[in-house]
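Engineer: Each chain, written out:
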Amino acid sequence: MKMIRAIVRPNKAEEVVESLAEAGYVALTKMDVIGRGKQKGIQVDKIYYDELPKTMILLVTEDENIAPIIDIINESAFTGSFGDGKIFVSPVEEAYTVRTRSKGL
Amino acid sequence: MFNLKEIIAIIRPNKMEKTKEVLSALGFPAMTAHGVMGRGRQKAIIGEVSFYINEQELLKKEGTMRYIPKRLISLVVPDEDVSLVVETIMRINQTGQIGDGKIFVCPINDAIRVRTKESGEEAIL
Numbered sequence: 028m029k030m031i032r033a034i035v036r037p038n039k040a041e042e043v044v045e046s047l048a049e050a051g052y053v054a055l056t057k058m059d060v061i062g063r064g065k066q067k068g069i070q071v072d073k074i075y076y077d078e079l080p081k082t083m084i085l086l087v088t089e090d091e092n093i094a095p096i097i098d099i100i101n102e103s104a105f106t107g108s109f110g111d112g113k114i115f116v117s118p119v120e121e122a123y124t125v126r127t128r129s130k131g132l
Numbered sequence: 002m003f004n005l006k007e008i009i010a011i012i013r014p015n016k017m018e019k020t021k022e023v024l025s026a027l028g029f030p031a032m033t034a035h036g037v038m039g040r041g042r043q044k045a046i047i048g049e050v051s052f053y054i055n056e057q058e059l060l061k062k063e064g065t066m067r068y069i070p071k072r073l074i075s076l077v078v079p080d081e082d083v084s085l086v087v088e089t090i091m092r093i094n095q096t097g098q099i100g101d102g103k104i105f106v107c108p109i110n111d112a113i114r115v116r117t118k119e120s121g122e123e124a125i126l
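Chains A and B supply the protein sequences, listed in that same order.
28 is the number of the first residue of the first sequence in our numbering; add one for each residue after it.
2 is the number of the first residue of the second sequence in our numbering; add one for each residue after it.
None of these hints come from the bench; they were simulated from the model.
All values reported here derive from a predicted model rather than from experimental measurement.
There could be a bad hint or two in this list.
Said to hold, decoys possible - According to the in silico footprint, chain B covers these stretches of chain A (three or more CB under 8 Å from chain B):
(1) 49-55
(2) 113-119
(3) 122-132
Where is the CB? At the ideal position from N, CA and C, for every residue including glycine.
Using the sequences and the hints given, assemble the complete structure.
Structural biologist: Now the structure itself:
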């Protein structure tokens, strides 16, 4: 099992969620976050923004679904400019469903 | 490598108080909480509805509620306490309705307390 954390543009978040749902990955959590990347924020004229609003999409899935999900996010969150975001994949050892108290997704 | 695990639980907001109370009584007062929006396998229909819902049909339907507000809590505990914490969270949050949430257990390589620079288990105890 792996956890995918994707940090994407807020205006692209809906598109990402829609395309994930179309492919059958409907379960996810999203949260508003603030951050910056390698470019250390952005400068517009004389105003310098170093904390940019982003949306973090968090989902946990079986190992074999990782590649298709990453492809979908990569495609739907892409604009080609700096600030499109990052995707992180980290291991999850156990998952429990509270309602049924069962192990697994 | 330290024997630490991160427990990420996504639970109902109204169970938050009780969860905090019981966890701190058990000796795990430290946690981080976020207000998040999310949905599960049922594509965000609220568990509070009392009629029968066909999951497969629902997935095809448009216009269901898109997201449901939840609380995400994350706490880092030593290996041996994982099952206790998971069991506690499950017991408090179980209502039997769809939308009770999920709990994930992830490995953590290291933890550092900023104030004293202690690392590993000392940092979280």
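Engineer: Going back to the hint list, which numbers does this structure go against?
Structural biologist: Hint check: nothing fails, all pass.
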